[in-house]
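Student: This is what each chain is made of:
Protein chains: 2
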Amino acid sequence: MTDLPDKEHAFLDWFNEVLERANVSDKRYPVKGLNVWTPFGFKALSLMDRLIREKVEPLGYQETAFPTLIPDTEFQKEGKHIKGFEEEVYWVTLGGKTPLDVRLALRPTSETAIYPMFSLWVRSHKDLPLRVYQICNVFRYETKTTRPILRVREIHFFEGHTVQLGEAEAEAQVQADLGSFLAIADALCLPYIKNKRPEWDKFAGAFYSVACDLPIGGNRTLQIGTVHHYKDNFAKAFNICYEDKDGEQKFGHQTTYGISERLLGAVIAMHGDDHGLVWPSIIAPVQVVIIPIARESDARSVNDFAQDVQRKLMAEGLRVALDASDERPGAKYYAWEMKGVPLRIEIGPREIKDNKLSAVNRLGERSKIPGEDLMAGVAEALEAFDASLRKRADSAFQERITIAREEDELKDDVVSLVGWCGSEECGKKAEKGGDRSIIGTVMGELPIDAKGMARPSCIFCGNDSSAWAVVSRPL
Amino acid sequence: MTDLPDKEHAFLDWFNEVLERANVSDKRYPVKGLNVWTPFGFKALSLMDRLIREKVEPLGYQETAFPTLIPDTEFQKEGKHIKGFEEEVYWVTLGGKTPLDVRLALRPTSETAIYPMFSLWVRSHKDLPLRVYQICNVFRYETKTTRPILRVREIHFFEGHTVQLGEAEAEAQVQADLGSFLAIADALCLPYIKNKRPEWDKFAGAFYSVACDLPIGGNRTLQIGTVHHYKDNFAKAFNICYEDKDGEQKFGHQTTYGISERLLGAVIAMHGDDHGLVWPSIIAPVQVVIIPIARESDARSVNDFAQDVQRKLMAEGLRVALDASDERPGAKYYAWEMKGVPLRIEIGPREIKDNKLSAVNRLGERSKIPGEDLMAGVAEALEAFDASLRKRADSAFQERITIAREEDELKDDVVSLVGWCGSEECGKKAEKGGDRSIIGTVMGELPIDAKGMARPSCIFCGNDSSAWAVVSRPL
Chain A
1 MTDLPDKEHA FLDWFNEVLE RANVSDKRYP VKGLNVWTPF GFKALSLMDR LIREKVEPLG
61 YQETAFPTLI PDTEFQKEGK HIKGFEEEVY WVTLGGKTPL DVRLALRPTS ETAIYPMFSL
121 WVRSHKDLPL RVYQICNVFR YETKTTRPIL RVREIHFFEG HTVQLGEAEA EAQVQADLGS
181 FLAIADALCL PYIKNKRPEW DKFAGAFYSV ACDLPIGGNR TLQIGTVHHY KDNFAKAFNI
241 CYEDKDGEQK FGHQTTYGIS ERLLGAVIAM HGDDHGLVWP SIIAPVQVVI IPIARESDAR
301 SVNDFAQDVQ RKLMAEGLRV ALDASDERPG AKYYAWEMKG VPLRIEIGPR EIKDNKLSAV
361 NRLGERSKIP GEDLMAGVAE ALEAFDASLR KRADSAFQER ITIAREEDEL KDDVVSLVGW
421 CGSEECGKKA EKGGDRSIIG TVMGELPIDA KGMARPSCIF CGNDSSAWAV VSRPL
Chain Y
1 MTDLPDKEHA FLDWFNEVLE RANVSDKRYP VKGLNVWTPF GFKALSLMDR LIREKVEPLG
61 YQETAFPTLI PDTEFQKEGK HIKGFEEEVY WVTLGGKTPL DVRLALRPTS ETAIYPMFSL
121 WVRSHKDLPL RVYQICNVFR YETKTTRPIL RVREIHFFEG HTVQLGEAEA EAQVQADLGS
181 FLAIADALCL PYIKNKRPEW DKFAGAFYSV ACDLPIGGNR TLQIGTVHHY KDNFAKAFNI
241 CYEDKDGEQK FGHQTTYGIS ERLLGAVIAM HGDDHGLVWP SIIAPVQVVI IPIARESDAR
301 SVNDFAQDVQ RKLMAEGLRV ALDASDERPG AKYYAWEMKG VPLRIEIGPR EIKDNKLSAV
361 NRLGERSKIP GEDLMAGVAE ALEAFDASLR KRADSAFQER ITIAREEDEL KDDVVSLVGW
421 CGSEECGKKA EKGGDRSIIG TVMGELPIDA KGMARPSCIF CGNDSSAWAV VSRPL
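Chains as they are written, first to last, in the working numbering: chain A, 1 to 475; chain Y, 1 to 475.
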């Protein structure tokens with residue numbers, strides 16, 4: 001097998017090739033931008049969904065399912081929203097051979113499907129906060145080049161929607177959502193920059209948008225999660241109002257929270273390497289692979305032992321493969337590394353005799369696991385692996401971000417933090433360098449150590465800056 | 001609150017009303033036939049999906065996700081299939097403002113989305129059997145009156161697809177699928193009739209179709225699961241072929257397996273009663289509700305105790321609600337019965353003193369649960385509840401089926417088993433009595449005790465019969 005393309009210099013080639021070799025997704029479906037999730041890829045995706053559910057349900061979100069099809073009449077209700085999406089909506093115009101009276105949009109996002117119902121569900125302040133989510137597919141008629149997982153036309157999507165008493169409560173929900181996203185990203189060993197999107201790039205219909213962006217090499221960033229504050233923009237369009245304690249009718253304030261399959265793409269992009277995928281253990285479709293290593297004379301006893309180890313670990317809920325095929329061990333190592341399995345356990349006569357298993361994690365770190373304490377040993381090895389993976393990702397993250405003090409210092413090989421006065425005029429100057437732009441202003445702490453440096457003045461006009469802005473090329 | 005409509009004589013009214021009062025699904029979405037799953041309804045649906053996964057994965061099925069949109073060019077490939085669906089396909093014709101070169105079908109079922117990929121995935125006999133499934137939404141532009149869950153335009157759907165070496169292997173797969181369906185239905189306490197569909201009513205493109213039908217009162221039946229044998233009909237249309245051991249190129253033989261949200265509708269229809277829903281415990285969104293019963297003086301200690309019971313049961317994985325609201329106990333009983341909770345536990349000072357909890361199941365059966373053996377006691381009570389529910393359903397099932405020996409004996413208040421010569425001409429005679437028809441011929445044992453009776457001759461022509469046929473009015 002030839003080497004994978006160089007990830008650093010040919011990221012998209014590497015990405016496509018690793019998806020194909022590890023068999024995550026098949027892009028040969030006969031419509032561009034619509035891909036097929038293989039059993040292996042779907043397993044990772046389902047595990048990511050499970051992680052998301054575990055982190056959002058404690059916030060009070062309840063799972064629901066709303067229709068995929070939105071009548072044009074509802075879709076038109078929020079003016080900015082429709083404007084933001086009109087170029088990329090798929091329209092259903094025929095049922096059988098009959099033209100539909102009202103054409104139906106395939107949801108590009110579900111505000112306009114959900115809010116007519118919210119308008120019926122919300123009556124009193126006692127009904128609030130209302131928090132629902134769905135994990136569904138949304139559809140966007142992308143006109144840009146499509147890329148498996150990173151930019152597709154049918155998108156696997158988590159979307160949370162809430163209605164709150166007022167602006168402050170909505171603000172608190174935004175913070176709670178961002179807190180849960182931090183926990184999700186941490187479980188996936190992913191660092192990111194938390195940005196407030198500039199006015200001209202906020203979600204269509206939002207009051208403001210917060211996005212989590214991951215530098216993935218060069219000056220490229222990938223948006224991996226978003227939280228929006230809508231104020232009462234949609235509530236007014238959809239008449240979502242409630243009777244307050246004092247009997248007054250008020251509009252609800254709303255927030256949304258979105259995570260798409262891109263987060264899985266980000267995991268692949270951030271952690272993958274020259275040998276293939278690297279899954280953090282929480283979403284690894286296979287967490288442990290056992291490779292029996294034996295001559296023909298002791299193959300039977302070694303295989304029996306290996307099967308026993310597999311059975312024990314699976315009984316504890318781990319996802320474990322046993323590769324007892326006839327391939328040489330080296331070929332097996334290669335194949336399972338490509339598939340990104342966090343931990344490989346090698347079992348031969350020596351390991352059985354000593355009752356100590358040899359483990360090698362996907363980053364090449366070796367350990368011994370005592371046979372009498374199998375599960376604890378494996379759990380510890382997986383935890384150590386995740387810690388190393390997180391460290392490696394953090395270090396790459398730090399290297400991919402720098403501070404630029406002059407326009408000339410904006411480079412193609414790194415994401416830049418700059419002083420910015422906040423004006424759109426200056427903001428747009430960032431775009432002179434091709435498809436790079438100000439993707440937002442940093443919220444909270446700077447993602448890299450600025451060594452106590454005061455915020456420099458606006459890189460474009462020299463006036464006082466109002467925030468640190470992030471200049472990158474969004475993928 | 002007024003009574004529910006009479007289930008026996010006004011089934012559809014009862015069904016709509018119980019969905020609304022128990023808050024399972026909201027039919028007020030602004031497009032007819034597209035409904036919203038509330039958190040409560042979605043929970044039951046998810047639990048049903050989990051049950052299906054648990055029963056089909058041991059057969060070797062792996063979960064995947066294929067695109068929702070199917071290009072017309074693929075959709076047209078199997079002639080009978082397109083003919084069967086052309087009247088009920090939603091077509092996407094516009095992307096943004098651009099007419100699409102090739103219009104896209106919203107999948108009404110996924111054969112034509114999946115088989116172009118199978119054609120790429122299957123190369124050698126070593127790739128077979130191939131078994132995948134997806135749980136997704138399918139779309140049908142129903143022209144008949146829509147009904148929540150029972151006949152909708154966006155359908156929550158499990159579909160399994162396999163490719164086999166030959167006809168015999170496909171036949172074995174059909175049997176395996178039917179075996180797993182029996183286990184699913186049994187877990188849901190549902191009896192059914194297993195029918196081979198008549199030639200004129202088999203799945204569009206199939207060699208033969210097997211359907212599981214549930215009598216739900218009167219002479220109505222509900223199709224709750226289907227398994228189809230396709231032979232190589234689709235394989236030829238989609239070029240799904242493999243190299244056999246001897247080097248010969250052969251077409252695969254295929255099967256499919258489908259279960260829709262109607263199965264959840266069947267659970268509601270079969271088990272629900274005058275007091276509302278009745279969930280079998282495996283899919284009950286709430287399995288146990290705890291009602292503290294106390295005067296104000298001991299409210300605190302009773303509530304603490306009740307919370308402790310809830311905590312302990314939830315730690316064991318049970319779904320438990322505690323209703324500590326200010327409502328009267330009677331109002332609480334009413335509300336939780338409407339929601340179909342299998343087991344109610346009442347806790348007052350007496351129960352605490354004796355360390356014995358009082359339990360009443362949804363069928364009104366009382367038991368005592370020892371406090372020192374809480375989990376085992378509750379598990380036993382739930383098991384006993386399921387057994388009673390199964391018994392009640394079996395008995396209603398038996399009463400809803402009879403044997404008709406003459407055409408005159410075909411009645412509107414019962415499903416009939418009849419002798420049938422097998423000819424379409426005679427088969428169509430069953431339809432003279434309105435919208436009733438021969439829905440199939442009984443496979444395996446008769447669903448009711450025929451007391452050793454020999455199969456009578458054809459009810460329509462008097463010639464020898466070739467099978468027992470089922471005459472009913474499919475909903």
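No lab work stands behind these hints, which were simulated from the structure alone.
The C-beta atom is built at its ideal place from N, Cα and C for all residues, glycine as well.
Please note: incorrect hints may appear among the correct ones.
Claimed, not checked - These stretches of chain A come out as covered by chain Y in the derived footprint (C-beta under 8 Å, 3 or more residues):
id, region
1, 132–141
2, 202–215
3, 408–416
Said to hold, decoys possible - Quick list of the computed label-pair ranges, beta carbon to beta carbon:
id, chain 1, residue 1, chain 2, residue 2, range
4, Y, 39, A, 364, 39 to 47 Å
5, A, 183, Y, 402, 56 to 64 Å
6, Y, 328, A, 60, 55 to 63 Å
7, Y, 32, A, 461, 38 to 46 Å
8, Y, 372, A, 250, 23 to 31 Å
9, Y, 297, A, 250, 36 to 44 Å
10, A, 80, Y, 80, 22 to 30 Å
11, A, 394, Y, 245, 50 to 58 Å
12, Y, 297, A, 445, 32 to 40 Å
13, Y, 168, A, 2, 57 to 65 Å
14, A, 449, Y, 301, 51 to 59 Å
15, A, 60, Y, 76, 44 to 52 Å
16, Y, 53, A, 445, 52 to 60 Å
Stated by the list, open to error - SDA-like cross-link-like pairs, simulated, lysine to any residue; straight-line CA separation at most 20 Å:
id, chain 1, residue 1, chain 2, residue 2
17, Y, 97, A, 27
18, Y, 43, A, 121
19, Y, 27, Y, 39
20, Y, 196, Y, 428
21, A, 332, Y, 373
22, Y, 43, A, 157
23, A, 55, Y, 319
24, Y, 432, Y, 395
25, Y, 32, A, 79
26, A, 236, A, 166
27, Y, 43, A, 236
28, A, 428, A, 406
29, A, 27, Y, 73
30, Y, 144, Y, 474
31, A, 126, Y, 73
32, Y, 32, Y, 17
33, A, 231, A, 260
34, A, 27, Y, 110
Student: Each hint should be assessed against the structure and marked as holding or not.
Tutor: Hint check results:
1. 132–141: holds (count 4)
2. 202–215: Coverage by chain Y is violated for the region 202–215 of chain A (0 residues, Cβ < 8 Å).
3. 408–416: With 0 residues closer than 8 Å to chain Y, the region 408–416 of chain A misses the three-residue bar; violated.
4. Y:39 / A:364: 39 to 47 Å: holds (46 Å)
5. A:183 / Y:402: 56 to 64 Å: holds (60 Å)
6. Y:328 / A:60: 55 to 63 Å: violated (28 Å)
7. Y:32 / A:461: 38 to 46 Å: Given range 38 to 46 Å: violated, Cβ gap about 57 Å.
8. Y:372 / A:250: 23 to 31 Å: Since residue 372 of chain Y and residue 250 of chain A have Cβ atoms about 52 Å apart, the given range 23 to 31 Å is violated.
9. Y:297 / A:250: 36 to 44 Å: holds (40 Å)
10. A:80 / Y:80: 22 to 30 Å: violated (48 Å)
11. A:394 / Y:245: 50 to 58 Å: holds (53 Å)
12. Y:297 / A:445: 32 to 40 Å: The hinted range 32 to 40 Å is violated for residue 297 of chain Y and residue 445 of chain A, with Cβ atoms some 53 Å apart.
13. Y:168 / A:2: 57 to 65 Å: violated (42 Å)
14. A:449 / Y:301: 51 to 59 Å: The hint (51 to 59 Å, Cβ to Cβ) holds, given that residue 449 of chain A and residue 301 of chain Y are roughly 55 Å apart.
15. A:60 / Y:76: 44 to 52 Å: holds (48 Å)
16. Y:53 / A:445: 52 to 60 Å: violated (42 Å)
17. Y:97 / A:27: violated (26 Å)
18. Y:43 / A:121: Given pair residue 43 of chain Y, residue 121 of chain A holds - Cα atoms ~18 Å apart, limit 20 Å.
19. Y:27 / Y:39: With Cα atoms ~14 Å apart, residue 27 of chain Y and residue 39 of chain Y stay inside 20 Å; holds.
20. Y:196 / Y:428: OK: residue 196 of chain Y and residue 428 of chain Y at ~16 Å, within 20 Å.
21. A:332 / Y:373: The given pair, whose Cα atoms are some 50 Å apart, is violated under the 20 Å limit.
22. Y:43 / A:157: holds (19 Å)
23. A:55 / Y:319: OK: residue 55 of chain A and residue 319 of chain Y at ~19 Å, within 20 Å.
24. Y:432 / Y:395: violated (30 Å)
25. Y:32 / A:79: Violated, because 25 Å separates the two Cα atoms, which is more than 20 Å.
26. A:236 / A:166: Holds, because 13 Å separates the two Cα atoms, which is no more than 20 Å.
27. Y:43 / A:236: Distance ~31 Å between residue 43 of chain Y and residue 236 of chain A Cα, so the pair is violated.
28. A:428 / A:406: holds (15 Å)
29. A:27 / Y:73: It holds: about 18 Å lies between the C-alpha atoms, which stays within 20 Å.
30. Y:144 / Y:474: Measuring from Cα to Cα gives roughly 13 Å; hence the hint holds.
31. A:126 / Y:73: violated (52 Å)
32. Y:32 / Y:17: Roughly 17 Å between the alpha carbons, so the hint for residue 32 of chain Y and residue 17 of chain Y holds.
33. A:231 / A:260: Roughly 23 Å between the alpha carbons, so the hint for residue 231 of chain A and residue 260 of chain A is violated.
34. A:27 / Y:110: holds (17 Å)
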